[in-house]
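S.K.: Knowing the structure of chain A, use the given hints to seat chain B on it.
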Amino acid sequence: MDFSVVVEYFPKLMQGTWVSLQLIALSVVLGGIFALPIALARISKNPLVSGLPFAYIFFFRGTPLLVQIFLVYYGASQFEVVRESFLWPILREPFWCAIIAFTLNTSAYTAEIFRGAIQAIPVGEVEACKVVGMTKVQMYRRILLPRAFGIVLPAYGNEIILMLKGSALASTITILDLTGMARTIIARTYTPIEIFLAAGVIYLAISMVVIAIFKQVEKRQNRYLGPNPVKLPDDV
Amino acid sequence: MIDLSGFGNQLLIGAAVTVELSLASLAVGLVLGLLGASAKLSSVKTLQWIANGYTTIIRGIPELLTVLIIYFGATTVLMAVAGLFGYDEYIEIGPFAAGVTALGLTFGAYATEVFRGALQSIPKGQNEAAVALGMGRVRTFYRIILPQVWRMALPGLGNLFLVLLKDTALVSVVGLDDIMRKANIAVSSTKEPFLFYSAAAVLYLGLTIVSMGVVYFLEKRANRGIKRA
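For the protein sequence lines, the chains are A and B, in the order given.
Each residue of the first sequence is one higher than the last, beginning at 1 in our numbering.
Each residue of the second sequence is one higher than the last, beginning at 1 in our numbering.
Here chain A stands alone, though its shape is the one from the complex (with noise of 0.2 Å):
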């Protein structure tokens, strides 16, 4: 073994890195807010409302992300209708097939955890909402919403980490992000495990700078539980 590979192409590896977050950052964020929405739909009585979400929830919690992302980046090109219009240039791009794809599974998932956290707040609650004579949006913005944040942080963590160990899988559709870019390297040196190993050691840093993030948030959000806060769920 001969670690000096490593310091080689360390540049090359935190270009990787760059794309990396790059795209956990955009997808996260974009999954986030379309997550909301399919949350909230998928709470409703009414079949028809909740139907939709719940087949699209299905199905992108049901498949492999690989074979997501293959559909966006291969099957998508398979259509004329695609290929002549004004999206081509955007589904054209590796970049921003991967961050679609991983936009919709991660708002799936993240859905999901939406919908847990504001069905886990006590019926009480919404009641006095009622009778102190909020509006629906009044009560969601107010109680609800805030309220399931704080229950959400936890598992929502999880999600990010999950992330950006899916966004490996970039890797596969071209995309030179640390995986991608460590495979390259690996092309010109031979050397496997040297570089693999390294780029499994930048992945655990950025998890656990994601862990100690959110363990501050968690913190901020939930202190008036007092100084002895009350264990909340932290499995999805």
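One or more hints might be untrue.
Unchecked claim - Straight-line alpha carbon distances no greater than 35 Å define the calculated DSBU-like cross-link-like pairs of lysine-lysine that follow:
| no. | chain 1 | residue 1 | chain 2 | residue 2 |
| --- | --- | --- | --- | --- |
| 1 | A | 219 | B | 45 |
| 2 | A | 45 | B | 220 |
| 3 | B | 45 | A | 215 |
| 4 | A | 45 | A | 136 |
| 5 | A | 12 | A | 136 |
| 6 | B | 191 | A | 215 |
| 7 | A | 130 | A | 45 |
What the hints assert, rightly or not - From chain A, some residues computed to sit far from chain B (all C-beta separations above 12 Å):
| no. | residue |
| --- | --- |
| 8 | 84 |
| 9 | 86 |
| 10 | 170 |
To be clear, the hints were calculated from the coordinates, so they are not data collected in a lab.
Heads up, the beta-carbon is just placed ideally off N, CA and C, and yes, glycines get one too.
M.R.: Same frame as chain A, now just chain B:
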């Protein structure tokens, strides 16, 4: 009717490989999970460190990277070890073995946490009662602890299995002939990516639904002694 150009059969053969891979990894992962949980709960500090290191590293690294490290790295490591014993033929591990190792390690790391939670939820009195009845440690584990751990851990393990099932698609990257690779082959000869990746998606959905059914049945069986409020 949908025309799969004669590749339907191939996809089904791929599905069989996917099922084999996930069941083999499940077996490896369950053993690793139980060992990991026991190590985390043991009073020996070294064992705790090993188990903590194992779960932290595996859970922080992308599954794809684990598959790649095992597939490309295991050959080098195995040959180095074999070289110490004076064996210098070329050793290669196939994609299936690499897949079972990588996915088993991943499943084991997550299962460690599930089993640890389940083991900790069993009251100490149960152990003491077993000792009072004169049961040995092994017998206590098989008769008293394990059936209850199984019941507590099932929902968590079921979720992990669904994750594992989807992760098997990653092993196609190193050339295992599973659903995903069969779909890739079909795409390269028919130029109909959307059709074949959708077919793959439907197969995975089908496997997911079947697994959910099995988990539901197992949970119902495991909980038959419990009264529901």
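S.K.: Checking a non-interface call: every C-beta of chain B should be farther than 12 Å from the C-beta of residue 86 of chain A. Is that right?
M.R.: holds (20 Å)
S.K.: Given the hinted pair residue 45 of chain A and residue 220 of chain B, is their Cα-Cα distance within 35 Å?
M.R.: holds (27 Å)
S.K.: Does residue 170 of chain A sit more than 12 Å from chain B, CB to CB?
M.R.: violated (10 Å)
S.K.: Do the alpha carbons of residue 219 of chain A and residue 45 of chain B lie within 35 Å of each other, as the hint requires?
M.R.: holds (30 Å)
S.K.: So if I understand the rule, the pair passes when the alpha-carbon distance is 35 Å or less; does residue 45 of chain A with residue 136 of chain A pass?
M.R.: Within the cut-off at roughly 15 Å; holds.
S.K.: Straight-line Cα separation of residue 130 of chain A and residue 45 of chain A no greater than 35 Å?
M.R.: OK: residue 130 of chain A and residue 45 of chain A at ~18 Å, within 35 Å.
S.K.: If we take the beta carbon of residue 84 of chain A, is the closest beta carbon in chain B still more than 12 Å away?
M.R.: holds (16 Å)
S.K.: Does residue 215 of chain A lie within 35 Å of residue 191 of chain B when you go C-alpha to C-alpha?
M.R.: violated (48 Å)
S.K.: If you draw a straight line from the CA of residue 45 of chain B to the CA of residue 215 of chain A, is it 35 Å or shorter?
M.R.: With Cα atoms ~26 Å apart, residue 45 of chain B and residue 215 of chain A stay inside 35 Å; holds.
S.K.: Can the restraint linking residue 12 of chain A and residue 136 of chain A be considered satisfied, given a maximum Cα separation of 35 Å?
M.R.: violated (52 Å)
Hints 5, 6 and 10 from the list above are not met by this structure, while the remaining hints are.
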